[in-house]
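Chemist: Residue numbers (my numbering), protein chains in the order written: chain Z, 1 to 386; chain W, 1 to 386; chain X, 1 to 386; chain L, 1 to 386.
Treat the hints with care, since some could be wrong.
Short derived list, chain L residues pointing at chain X, Cβ under 10 Å [as the list claims (entries may be wrong)]:
(1) W249
(2) N288
(3) T291
(4) E295
The list that follows gives simulated cross-link-like pairs (lysine-lysine, DSS-like), each with its CA atoms no further than 25 Å apart [said to hold, decoys possible]:
(5) W:K371 <-> Z:K371
(6) W:K229 <-> Z:K269
(7) W:K156 <-> W:K229
(8) X:K156 <-> L:K229
(9) L:K229 <-> X:K215
(10) X:K371 <-> L:K64
(11) W:K215 <-> W:K371
(12) X:K229 <-> L:K156
(13) W:K215 <-> Z:K371
Everything labelled a hint here was simulated from the structure, so no lab data went into it. A virtual CB, placed ideally from N, CA and C, is assigned to each residue, including glycine.
There are 4 protein chains.
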Amino acid sequence: MTRLTWGMIGGGEGSQIGPVHRIASALDARFDFRAGALDADPAKGRAFATRLGLAPERAYGDWKEMLAGEAGRKDKLDLVTVATPNATHYAITKAFLEAGINVLCEKPMTVTVAEAEDIAATARRTGAVCAVNYGYTGYPLVRHMRAMVARGDLGKLRLIVVEFSHGFHADAADADNPRMRWRYDPTQAGISGQFADCGIHALHMASFVSGQNAKTLSADFISAIASRKLEDDAMVNVRMDGGATVRLWTSSVAAGSFHGLNIRVFGEKGGLRWAQQWPDQLQWTPLNGRTETIERGMGGLSPDAERATRIAAGHSEGMLVAFANIYADLAEVIEARRMGAAPSPLALHFPTAVDGLRSIAAISASVESAKAGGVWTEARPPSLRA
Amino acid sequence: MTRLTWGMIGGGEGSQIGPVHRIASALDARFDFRAGALDADPAKGRAFATRLGLAPERAYGDWKEMLAGEAGRKDKLDLVTVATPNATHYAITKAFLEAGINVLCEKPMTVTVAEAEDIAATARRTGAVCAVNYGYTGYPLVRHMRAMVARGDLGKLRLIVVEFSHGFHADAADADNPRMRWRYDPTQAGISGQFADCGIHALHMASFVSGQNAKTLSADFISAIASRKLEDDAMVNVRMDGGATVRLWTSSVAAGSFHGLNIRVFGEKGGLRWAQQWPDQLQWTPLNGRTETIERGMGGLSPDAERATRIAAGHSEGMLVAFANIYADLAEVIEARRMGAAPSPLALHFPTAVDGLRSIAAISASVESAKAGGVWTEARPPSLRA
Amino acid sequence: MTRLTWGMIGGGEGSQIGPVHRIASALDARFDFRAGALDADPAKGRAFATRLGLAPERAYGDWKEMLAGEAGRKDKLDLVTVATPNATHYAITKAFLEAGINVLCEKPMTVTVAEAEDIAATARRTGAVCAVNYGYTGYPLVRHMRAMVARGDLGKLRLIVVEFSHGFHADAADADNPRMRWRYDPTQAGISGQFADCGIHALHMASFVSGQNAKTLSADFISAIASRKLEDDAMVNVRMDGGATVRLWTSSVAAGSFHGLNIRVFGEKGGLRWAQQWPDQLQWTPLNGRTETIERGMGGLSPDAERATRIAAGHSEGMLVAFANIYADLAEVIEARRMGAAPSPLALHFPTAVDGLRSIAAISASVESAKAGGVWTEARPPSLRA
Amino acid sequence: MTRLTWGMIGGGEGSQIGPVHRIASALDARFDFRAGALDADPAKGRAFATRLGLAPERAYGDWKEMLAGEAGRKDKLDLVTVATPNATHYAITKAFLEAGINVLCEKPMTVTVAEAEDIAATARRTGAVCAVNYGYTGYPLVRHMRAMVARGDLGKLRLIVVEFSHGFHADAADADNPRMRWRYDPTQAGISGQFADCGIHALHMASFVSGQNAKTLSADFISAIASRKLEDDAMVNVRMDGGATVRLWTSSVAAGSFHGLNIRVFGEKGGLRWAQQWPDQLQWTPLNGRTETIERGMGGLSPDAERATRIAAGHSEGMLVAFANIYADLAEVIEARRMGAAPSPLALHFPTAVDGLRSIAAISASVESAKAGGVWTEARPPSLRA
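Given only the sequences and the hints, what does the whole structure look like? Please build it.
Modeler: Shown next as C-alpha cells:
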C-alpha cells in the first residue's frame, strides 16, 4: 500500500462537513492531507489550513490558486474533495477533472441537468475519477443489502419504501434563521428544497441497493411552513427501470425524526429493513419465514460487507466509517490505476458522476411533476434514455 | 348499569372475526349474547349458535329469519353485529336499522357510494345507532392522540404519515389460494383490493386522530403480483379539509410487516408516533424538545384514554380491549337512549355511518385517481361537499 | 362444551385485580359468574355483587356465608377465585378445597411454608383442583418457550436471567402512602417485600419455562428507601434441580421500568429472550446462528402456543388473554373431570398448589440467605427434598 | 494545537485491537504514529511497521529495543500504547513510565494487586501519565450520564444494574479452539475468566458514571461449559463507597447478546438507561415523570458530552469515536503539560492507573468471594482502604 495525497476545497473552520471528510479520509491511513483552499475568505482559509498542519505553499487562498499550484507539481494531489456552496461545484469539479486530478464532489454535483451531463462526459473523456458523496451507501449492511439483491436472495424486486426525514426545520418561529432559510429560497437553493437536500440520498440508496434506476416518477411537494417557497416535505413515487416501484418520503418538519434514513426492500422471496440510526443491524424476512437479525461483523456476510467492516460485532461502527469506506474505495481505485492494475470489483461501489447526473435529473423531474399535480414524468437524464 | 342484549350475523365456526366480536362484546359484561344467524349454511349456523349457548328459537338460519324473529319480540336485541360478506352489508344493515335495531357493521359498510349515502340517511332518519367497525381507534393511546390534537398540543396539524402493511399475500405461488385470491378479484372484492381492505383503516385513523376528513387525493396503485387485477400495494396522498396532508402507504406484499398499522402526526408544536404492534406506548416529541414515552395506564392521560383503559401500566392490553372499547361506547350510548339521557361525550368516539360513507367515497376516489395517473381527485361523498 | 359456574371472594369495587379476574374468566365464555363475597364490608359486597348481576341469594356477605351457601347447593360452583388479603388465603382456600370446590388462589398461596405444605396436601387428598395465579405464564409465547425447552431446542439449560422490576415505589416522599407502605411493613406483608410481591413471579416463570425447580439459592436484599423494614430491591442467584443457574433481579425503585418482566434463557444450543411489555414477539438465537423473531400467531408454533392464541399475528393480544388462558386450562380440566375423561396434557399448564408451595419455600429461603450475608441456602420445601 | 507522537507495542498484523488503536489515535489528527514494536516475532513486527509507514529505525523488534531507542531520542514519543499479552503489561508499562514516556495500557493493567499497586505508585512518582483502556467510558452519552449524576439530577444513587454479556464462547464443541480456550485456562488467563475479561469493564463503567468505587462485594461464578477451569458467567453484587449497590452480570455464553454492555442507574430522583449497541440514545426517567430520549448531538447536553461529540444527531457515531475520546483526553493533558498549563477538567475523564488498580483488586475480591460461597469480601486495594 502506498500513501496517497488528498486535498480539500471548502470545509473551513466551523463547517459541519469539513471535519467529517478529514476524519473519514484519515481513518484508514491511506490518504495524507496535503493541500487545501478551505474558506471563502482566503486569509482565513490559509490560516486554518496551516493550523491543520498543511505546508504554507499548499495552504491556498482559493480553488483557482490551488488548481494552478497543484497542476504544476510533480506530486500533485491524488484526490481533491469539493465541499463548497452548491452553485460552485460544477466549475470546480470540471476544472480539476480537466487537470487530471480525481475529484470527490459533495452533492448535488451540479445545479442543472445540462451541467451534470457535462461533468459526466468530462469524467469519461479525461479518465479522471469523479465521485459524488452519497456517502450513506458506505455502511457495511447497506452494501450487504445490495449484495443480497444482486445475488438473487430477494428474487425480483417489487417495492422499495424509503424515507429520509428530520424535524430540524419544524420551528416556524425559527424559519428566518439564515442557516435554515436559504434551503427554501430558490435564489440560493435552486429548484428544490428538502427533496434535493435529503430525499435524493434516499433515492440514491434505493438505486444502490436495487441496482435499478429511476425511469418515471410522480411527486407531491408541500411547504408545511407556508412562507417557504420551496418544499419542506415531499412524497415521490418512482418506477425503476428494472420494474420495482419506489415510495419515497422526505421531510424536514417531522419532529421526532433524526436523519431517519430508513429503507425497506421487498422482493418475490422476502423483505429487508434497515435504519441509519441503528446501522449495525439489518432485518431480513425470507418469504413465509421468520425475521432474522443480521449483525454487522458476524459471519455469513457478503464479501462487500466484510470488506467494509473494521470492528467486532456488538460495537456500533457509525457514520464516519461509512464515509471512510467511500475514501477506501477511492484509494483502492486510484492505487490500482497507478499500478496499471484492475481494482477489485468490490471497490467500485462509490457513487460516480453518472449517479450525480441521475440524481440531478430526478430532482428536476420531481419538481416538474409536483408542479403539474403529480403527473408521471420522465426521470432519466437525456443521455441515458436508451 | 343494565345488561344489554346482543346478536350477530355471520362470524360462524372457523371465521376469524367471529370470536373477536364475541370476546370484545363480552369483555365488560355489558352485553349478553342472545341471538344469531351465524353461517351461510342455516343448519350449521343454528347448530353452532346452540353450542355457543343461544336459545334454540334465537338460533336463526339466516338474517331475514332473524330480522323477522327479533322484530316481533318485546325483548328485541339492543345491538346486532353484521360480519357477513361485504356485498351483503348494505341490505342487512339497512333492514335492521329500519326495524329500529342498532347495528355495528363490519367494514366496508357498503360496496358503492350511493348505498353508503343511503345507509347514512337511513341511520339519520330512523334514529337507530349505526356504527362501522374501524375498531383500531379503540386503543387508549389512539384516543389520547386524538385528545392531544383536539386540545391543541400539536398546534395546527401539518402532516400525517400512516401505514398499514403486511406480507401475508406476498407469496406468488400461493396467489391462487381462495382465501387470498378473492381479495384481488373485482367480481368478488369490488373496485379495490388492499386499499379497501387495510388502507382504509389507516385513513380512518388519520381522520379520527386529526379531526379532519379527506378532501382531495392522489393515488398510485400497483399489483406487485402481476396476475392480480386489483392492487396489492398503494400509496395515497390526501389533502384534508383542515389543511393537513396525509401520506398513506398500504401493502399486502411487505414481507416482515405484521398488520403494521403505524401513524405519525406532525403539527406546528410537535410530533406523535404510535404503532399497533406495541400499542401501550406513544412517542411524543414537543417542538425543540426531547421525545417522551407516554405509557398507557400512567398518570397524566386524557379522560378519553383513561376511560378506555382497564389494566395497570406495564401489562400489554391488546387489540381485544381496543375492540371492546367500541362495544363499551355503544353500550353507553344505547343505555343513555333507553334512559332518555345524554351519553358522555367520551362515548361518542365510535365510528358511525358517516365515517363509513366517507371511507367508501375515499376508496372510490383513490381508484379513480390511480386509473388517471395520480390526478388529484375529489374525495368527499356528494352529500358532504358543503 | 358445557358452561361452568364461577365465583369470587374479594375483588370488590375499586380493586385492581377484581376486574382482571372477571374479564379473564368471561373472555372465552366458558364460565358464568354466579356467586361472590366481594368485599370486607358485607353490605358493600352484596350491593356490588348485585350490581354485577348476581342473584341476591348468591351475593354473599363473607366467605364463610358463601361456603355454607354454596356447599349446600346442587349446582354448587365449579370454581372459586380467592383474591382477598394475603393472610386470609390459607383458611379460605383450605375450606373450599375441603368442600370439594375447585380454587384459583391469588399469590402468595399462604404466609408460611407449613401452611403451604398443608394446602398442597389438602389438594392432593381432596382431589379438588387448586391453582395459584402465577398468571404471567399464560402468554402464548411463554408457553412456546417452555415447549422449546421441553423438546430440546436449547439442549441442556445453562442459565436463566430474569427480572421483574418497576419504579412505582421509588418516591421516598410518597413512602408513607398506605397503598405502598404496607408492602414493606412486616406486620402486614410478612417476611419479604418486593421479592414476595414481584420477584416470585419471575422465579415461577423461570421454573415454568425450564421445567426445573429451585434447589439452593443466595440472596441479597436492600431497602433502597431506608425507612423500609422489608426489601424493595433484591438479587437472587438460584441453582435449579436440573442444573441451570437462575439470576433474578427484582426492584420496586427502578424508575423507568413498568412491570418489566423479562426473561432470557440460555442453553447449549441457543438462547431465548422475551419481555412482558411486548409479549407478542420472542427472540430466538440458535447457537452460531442469527437471532430470529418468533411472532405470536404465525405458523410453526408449538401446540401449546397455538392453543393459547386467539387473534391474528400483528395484533397485540395482551395480559388479559394470558390470564384467560389460566381460566381456559381450568375449564378444560374441570370439564374433563365431570366427563370422567382425561384433559389434554396441554391444559395442565396452570400453576398448582405445588407451585404455590415451592414459591413460599423460595421466599423463606431468600430471606434467610439475605440475612446471613448471601449464604447458599436450601430452597426446597421439606416435603420435596427428595 | 501541536501534533504529538505516538507508538504502539503489540497490535501486530491480524490482531483485533491493533487497528482500533491506530484508527482511534489518528481520528482527530492529534497523534502521528511514529514508532512500534508490533509483534512477538521481531522480523514480522518490523516488516509490518514499515508497511504501515514507520521509519525503519523506529520499527523495533521488541519493546526493550523500543524503550532503548526511544529513551535516547530528543523527539521521544509522547505516548505509547501497550497492547501485548496480559502477563507482560506490568513490566512494559513500568519501564516506559520510568523512562518518562506516557502510557496507555490495555486492560488488565497487571496480573496481581501488588503489581497494580506498584504501577499506580510509579505513575505518581514519575509524573508520567498512565492511562488504562476502559475505553467504553469515552461515549458521549456515558459522559453525559456521569455529568447528570455529578450535578445531582438523580439525587443520591441507590442502585446500578449493569451487564456486559456475549455469546461468542457458547459453543461447547468449539471450546478447545485456542482463541477461546486460553481465556478459561488459569495458566494463561490468571485467576478469572469472563469477569476479568468483560465484567470489569461494566464495573468500571458503574464507577465512572456514579463517581463511587467498590467497597465490598459478593460474587457467584459458574462455568457453564464444565470443562472450563475459570468462570464463563458471573454475577457480582457490590456495595459502593458512596452507598449505591451495583448488580453486575457478565457472561460469554449468552447466545443472542453481542457485547451487550448495558447500564441502568437509579437514584432518588430518577433513572437512566443506556446500551452500547445503540450508543446514541440515552433514556432518562425523572421520578414520577415520563421517560425521555436524550439524543447524542442535540442541544441541552453537558459540556462533557458536547466535547466528546463530532457529528450531527441522527448519525450513529460509534465505538471508534469513543476510543478516540480517550486519545483526545490524553492529547489535551499531554499538550497542557508541555505548555506548563492546566488541562481542561473535562479532559481528566480517561481511566488512570488508579482505576486499573481498583479493577485488579475487584477481580481478586470476586474470585475470593465466589470461592467462599458468596461471602461479602473487601474489594478495595490495600492502599485505598482509607
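Chemist: Confirm or reject each hint.
Modeler: Cross-check of the supplied hints:
A least Cβ separation of about 6 Å between W249 (chain L) and chain X falls short of the 10 Å threshold, and the interface hint therefore holds. Interface restraint check: N288 (chain L) against chain X, minimum CB-CB distance 6 Å, threshold 10 Å, status holds. At its closest, the beta carbon of T291 (chain L) sits 5 Å from a beta carbon of chain X; the interface hint therefore holds under the 10 Å criterion. With its C-beta approaching chain X no nearer than about 17 Å, E295 (chain L) sits outside the 10 Å limit, and its interface hint is violated.
Taking the CA atoms of K371 (chain W) and K371 (chain Z), the gap is about 20 Å. The hint holds against a cut of 25 Å. Between K229 (chain W) and K269 (chain Z), the direct Cα distance comes to roughly 21 Å. Compliance with the 25 Å bound is thereby established for this hinted pair. A threshold of 25 Å between alpha carbons decides the hint, and for K156 (chain W) with K229 (chain W) the separation of about 40 Å lies outside it, so the pair is violated. A distance of roughly 20 Å separates the Cα atoms of K156 (chain X) and K229 (chain L); the hinted pair therefore holds under the 25 Å criterion.
With a C-alpha separation of about 24 Å, the suggested pair K229 (chain L) and K215 (chain X) falls inside the 25 Å cut-off, and the hint holds. At roughly 54 Å between alpha-carbon atoms, K371 (chain X) and K64 (chain L) are farther apart than 25 Å, so this suggested pair is violated. For the suggested pair K215 (chain W) and K371 (chain W), the alpha carbons sit about 18 Å apart, so the restraint of at most 25 Å is met. For the given pair, K229 (chain X) sits about 20 Å from K156 (chain L) by alpha-carbon distance, which is consistent with the 25 Å threshold.
About 19 Å separates the Cα atoms of K215 (chain W) and K371 (chain Z), which keeps this hinted pair within 25 Å; it holds.
In summary, the structure is inconsistent with hints 4, 7, 10 from the numbered list given earlier, while agreeing with the others.
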